[in-house]
Amino acid sequence: SAVISQKPSRDICQRGTSLTIQCQVDSQVTMMFWYRQQPGQSLTLIATANQGSEATYESGFVIDKFPISRPNLTFSTLTVSNMSPEDSSIYLCSVGMGLTPGLADRGELFFGEGSRLTVL
Amino acid sequence: QKEVEQNSGPLSVPEGAIASLNCTYSDRGSQSFFWYRQYSGKSPELIMFIYSNGDKEDGRFTAQLNKASQYVSLLIRDSQPSDSATYLCAVRDTGRRALTFGSGTRLQVQP
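Just so you know, the protein sequences line up as chains X and P, in that order. Going by the numbering used here, the first sequence opens with residue -6, and the numbers climb by one from there. Going by the numbering used here, the second sequence opens with residue 4, and the numbers climb by one from there.
Take these hints with a grain of salt, some might be off.
Not the full set, but computed from the structure, chain P residues with beta-carbon under 7 Å of chain X [as the list claims (entries may be wrong)]:
1) Ser35
2) Leu49
3) Phe52
4) Arg95
5) Ala101
6) Leu102
7) Phe104
8) Ser106
9) Gly107
Here are the computed lysine-lysine pairs in the PhoX-like style, where the Cα-Cα straight-line distance is at most 25 Å [said to hold, decoys possible]:
10) P/Lys5 to X/Lys58
11) X/Lys0 to P/Lys45
12) P/Lys70 to P/Lys5
For the record, the hints were derived by calculation from the structure and aren't laboratory data. Backbone N, C-alpha and C define an ideal beta-carbon position, used for all residues, glycine too.
Using the sequences and the accompanying hints, generate a full structural model.
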């Protein structure tokens, strides 16, 4: 599997500010996704990060609140804008391996270590 | 809305016993099914995937799939305290590349 690095690993933020989370993969990957895991909850898909075009957002998530960039096949950012305490969560970058030479796309996703945000 | 359902637990089993974790899904067209393990404070780690009806074994883990009943299970044989974690069932829905996750079952293996 690929090595997926997320920065920051954790942060404490003030209400009304914005924070950008970076996801770097050590190999080219077809698919990159951003998930959110709220305290004690499972993973909820925020959006699919599309290389070179606008992200595809899930119901309940909008671009103004969670702008996403994906300039190439190894890097993506998620910004959490105008944060409120309800945005306190772990944000996870996830990748599918379809483009990695020698690795067939079996459908599984791999996850970064996550970025734990606390909004005061 | 596509759903993946799991019993939240906790499921408590003694060391050495078989732990049985269950999952149901709503999208009859789903083709791929995954089990992830998540330790507290860590990100999910893939442990099993299954595509075909029946059983798939990998070491102490066996995944079982019954598409007619829309049911997936994970059996952990000879459970160890190190197996104590939350187990997430995930389904790849028809026409999508992302996975939909269940709420997870917390497993506690008692020494």
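Hint check:
no.	hint	verdict
1	Ser35	holds (4 Å)
2	Leu49	holds (5 Å)
3	Phe52	holds (6 Å)
4	Arg95	holds (5 Å)
5	Ala101	holds (5 Å)
6	Leu102	holds (6 Å)
7	Phe104	holds (4 Å)
8	Ser106	holds (4 Å)
9	Gly107	holds (5 Å)
10	P/Lys5 to X/Lys58	holds (24 Å)
11	X/Lys0 to P/Lys45	holds (15 Å)
12	P/Lys70 to P/Lys5	holds (15 Å)
Violated hints for the displayed structure: none, as all numbered hints are satisfied.
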